[in-house]
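Chain residues, written in single-letter form:
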Amino acid sequence: MHGRVKIKSTAQQEEEKRKEREKKLKIYVAARDACFSKRKEGIWDDEALQLTQQLLSSNPDFATLWNYRREILMHLETVKDEDEVQKIYEAELSFLESCLKVNPKSYGSWHHRGWVSARLPRPDWARELSLCDRCLSLDDRNFHCWDYRRMVVKMSGVPVDQELGFTDRLIGSNFSNYSSWHYRSTLLPLLHPESPEPPSPCREPPHSSPPPSPQTHSHRVCEEQLLKEYELVQNAFFTDPNDQSAWFYYRWLLGRAEREEMISCVYVSRDEERVAVAFSRPVNAQSVGLLLVLDGQPQRVEWRSVHPRFKHSPVWICDLPPGTISDITNEHNLTVHWTEKHTHRDCALYTGRTESWCRDSATDQELFRSELSVEKTSVLQSELQSCNQLQELEPLNKWCLLTIILLMRALDPLGYEKETLAHFQTLKEVDSMRSAYYGDLCSKFMIENTILKMEYAEVRVFSISDKNLTTLCHLDQLLLVTHINLSSNQLQQLPPQFAMLQCLEVLEADNNSIENLEGVYHLPKLEEVLLKNNKISTLADLQPLASCPKLKRLDLRGNPVTQTANIESELAELLPSVTDLLL
Amino acid sequence: MLTLAPLIHCLYAAESLTESVAAAAFSRVGQRVLHVDRRSYYAGNWASFTFSGLLTWIQQHHVTLLIKEAQDWSSLLEEGEELIHLSHSDCASIRNLQVFCFTSEEDEEEEAPNTTEEETGGTKETGEEEEEVREEEEVREEEQTTPSAALRQSEPTKKKISYAQLLKEGRRFNIDLVSKLMYSRGSLVDLLIKSNVSRYAEFKNVTRILTYRDRQVEQVPCSRADVFASRQLSVVEKRKLMRFLTSCVEETEEQRAYNGRPYLEFLRDRQLGDNLQHFLLHSIAMVTEDTPTEEGLASTRHFLRCLGRYGNTPFLFPVYGLGEIPQCFCRMCAVFGGIYCLRHSVDGVVVDRDSNRCKAVIDSRGQRITCSHFVVEEGYVAADRKRVATPTRFLSRAVLITDGSILPSDSDQQVSMVTVPPIAAGCPAVKMVELCSSTMTCMPGTYLVHLTCQSVGSAYEDLSPVVTRMFRTPESHDQETCPSVLWCLYFNMTDGSGLEAEGHNLPSNVYVCSGPDGDLGHELAIRQAESIFQKILPEEDFCPPAPNPEDIIYDGDNTSSSAGGEEEKEENDGVAEEEKQEEEKEMLEEEKEMLEEEKEMLEEEKEMLEEEKEVLEEQNLQTEE
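Chains as they are written, first to last, in the working numbering: chain U, 1 to 583; chain G, 584 to 1208.
It should be emphasised that the hints constitute simulated quantities derived from the structure, not laboratory data. Hints are all accurate, no fakes.
EDC-like cross-link-like pairs, simulated, lysine to aspartate or glutamate; straight-line CA separation at most 20 Å:
| id | chain 1 | residue 1 | chain 2 | residue 2 |
| --- | --- | --- | --- | --- |
| 1 | U | K8 | G | D1124 |
| 2 | U | K23 | G | E1133 |
| 3 | U | K19 | G | D1134 |
Only some residues are given here: those of chain U computed to face chain G with a beta carbon under 7 Å:
| id | residue |
| --- | --- |
| 4 | K8 |
| 5 | G172 |
| 6 | F175 |
| 7 | N235 |
| 8 | L393 |
Because the structure is a prediction, the values reported are computed rather than measured. All residues carry an ideal CB built from backbone N, CA and C; glycine is no exception.
Looking at chain U on its own, in the form it has when it is part of the complex (with noise of 0.2 Å):
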């Protein structure tokens, strides 16, 4: 049409961009070759700048490149004075600062800018600040920024506060972000430290520097600020319960203290002439320089690990020289120093008594709750209330579910089992794709429960049958157990760690689903096995039956492994001691 401005057509813009792209192509490798040839000779000069500098600016990608740019540096650093120096670096920065336009998550650019920082002899941090926060502004999710801030934050020692409230501005922009969130996480211990423990005497005094170092530092947050904590994080899942960031950090906030590392169990028997020791976590007791002290005399004694199969283990054991307390007329005192951890435990064994021990128990070590004060239990008594709130609007919101679950376990673990239960279905439900983690969760807060019924009874015997359970855990509180009923329960197998119950004299395991039995390994003690109705196939699986020397009773009823020809024979043969079979 007349008076129509011309436009080129999309063929011939093709056309000329097809060109141009060749002609870049062209420059683009002469100068790489250039570069490589002049690195090669080992020249170190402005042209060979300019060079890798033309190259990086299209690839930022290009890590030799910046290598070479380096040695380049650092060259002119040894010929150049400072502000000279002070001036190539600048220059460098800026270049770098087009590179990151060019791609902002570039591996290179990001470290360069690290390198170049780190050697510029008059930094200038809050303009390095300023460019990770637009960096951030543009993409709160840009983790190369994320690590150079760290870097530059560490380098000009922003104060902890100001960092605080970067995490405030990102968190209130977009709460969807686990970096400032986990940012958050470790600035509030620092700033707002748990109030100060009463000295313990283990304890060196309290540093009189302020800057408080982690290593000092016990990673809790006042309570104060962890009310404040506590509303900006359930403002968020109220908002979108559906974005977990916010409710991982409310997990982190409803935590627990670390436990104190220490030895929870001294156990003696006179009848074995063994020590069993259980610590508060797994440890390897041959390189933590562990000393048993019997009636005062050191004792030269071997350590090891109720199965082989474990380096680490909670649960140690060890067998004095023969006739050393065998003698039941006689008292003994021991001592099992852990020197690593300046701790120790006593424990006598009293005339006429088979056996002794010294322990924390679980309740005394609450073990299975948030470490709670008072005041605390209140405030954990009114976020369960609000997240009640929630599950009322949002029945379904797993979040949700799971961390009501937590608060009542953290509050009343026996008195809201019923509910737990019923959540754990609910969970189930709504995301199928976990229920075996909810299963094998709901496990351990079933022993856990049971635990602590058996510790408040005062018994030794752990009965825990129809319950649902699908995995076993903290069998190293179990130490003491002469009697354990696991029946009716989903179990697959008596895992290693079950030889940790080294005071056992009965299992019960009917109606399981038990093909292995690889803990049951070593238990001097164990007389009577029932595993009717489980699925042991072959008589390899009993082999470790073969272990335990006072194995008297077997029932195997209902399991496979009685199909097998001569079973009975094959029985006598493996397992000798056994009078009381049952096929």
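Here the structure of chain U is known, so what remains is to put chain G in place on it, guided by the hints.
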């Protein structure tokens, strides 16, 4: 004297957004466009003024225009032609102009005696109707008697900006006659992006949505981040609100059950509580209590779709004021050869009796200009020839210059959209926009506040009660914490939505477009422009993307010849603005990303647009028949 091209495809008289958009669209596809405007400034009632410009405008509207005798142009007519005279006075669209100044005339150090004040006031308002002068005097008297004590109290802390200062810094003001915002997924924004016209302007996000409730200004949480940060909502309310907003996006049976019943009822039945109900009805849907549910939901959805495209609110505002928008389209029109003529009027339309088509127009200087289509603003057309809603609907407008934000926050550079529900039964709902100085519409230290509502009475009657309640004026009582009004203007403007789309007693190739309407968005103007365009050129694309300067081929060889004078000029402009364009490119790229992310939503919109198109096409067919 102008030498005009022999044939003008399209001729425009007067300026409004509709005309400038249509003109740009025609020019862009190669039509010869002539644009004449009797005013000395662009954009008519869409214009932005500096402070002194606005004062001149006020003065002009006070002076009763001498109605020029209709001149006899019969000598210019040929046989079989007749002349339709066009109206000369555009003052009809503006009424009830009232101005108040509540700040001292001079700087306070050299506090002027009252007499001087009156004197300057007198000279300033020469030609004003007597009644208004009196009113203003009354106000002044009041100021000097009772509330002055209260005013003086705050002085030690903050010195009030004087009238003299406003005048001195007058060039920093860009005061719009209309008050609108751009919905970030509205048809105007889509058009700006599609046509590349966006490169001629810059935009700012409206940063917050406020509402007036229980005598207090509150922030309305509307985005996810807002809801998260809100302090006035309980966590349960937060959940309910988020749930409601997500559930709204899709139409459900449950919602359809409420069709025809008030939206308020629908909201009530969701058990949201008073807080949320207020926010949803007045600030998010921006409807009244009796609006039907389907309409309320549709505007809620529109609001939500617009959210998050550019920021935490659904709105954009052009830096330097809304007057920029028509100018941008004019510029685009000029780039593609459109010709502009200010202070130039069209006296009459030459109509061929047989075909009832406009053949030419006669301008105020007696020049006959041939054209094949003529687009004219409503105001030019005599009342008996156009179809408008009767009685004529008006908008009430107020423009305030204040000394502080209505809701102070960490930042003093907030752009706020404020919804004010009817303050009493029978009162109109008021939409208020508060602009800060970084929008380049007012001087630092002041805020420019626009109030708009459908007229019930005069602008003063409709809006001054709201102003008195929300701001400190001599008439307000114990509102120490409110920002003070330094200067304000009330006027009524014809509501453009009163103009019927069809059925005017005019030749078939004369198209009437309306002035500004009272809606917050620009849908009406853009729809009108597109519909005019499609009537004339049904085959052509409406505002296709403008090419980049480097992709334009000039006549003859590749060396820049003189053939494309206009374009060449634009090339130079282009170079001067390369920087700006680059920034815009970045912006556009970000937009692209966002667009991709929300393609789904766009597709929905497309469908809706297509439906609209179909409707329009149907209309076209009908007119052709």
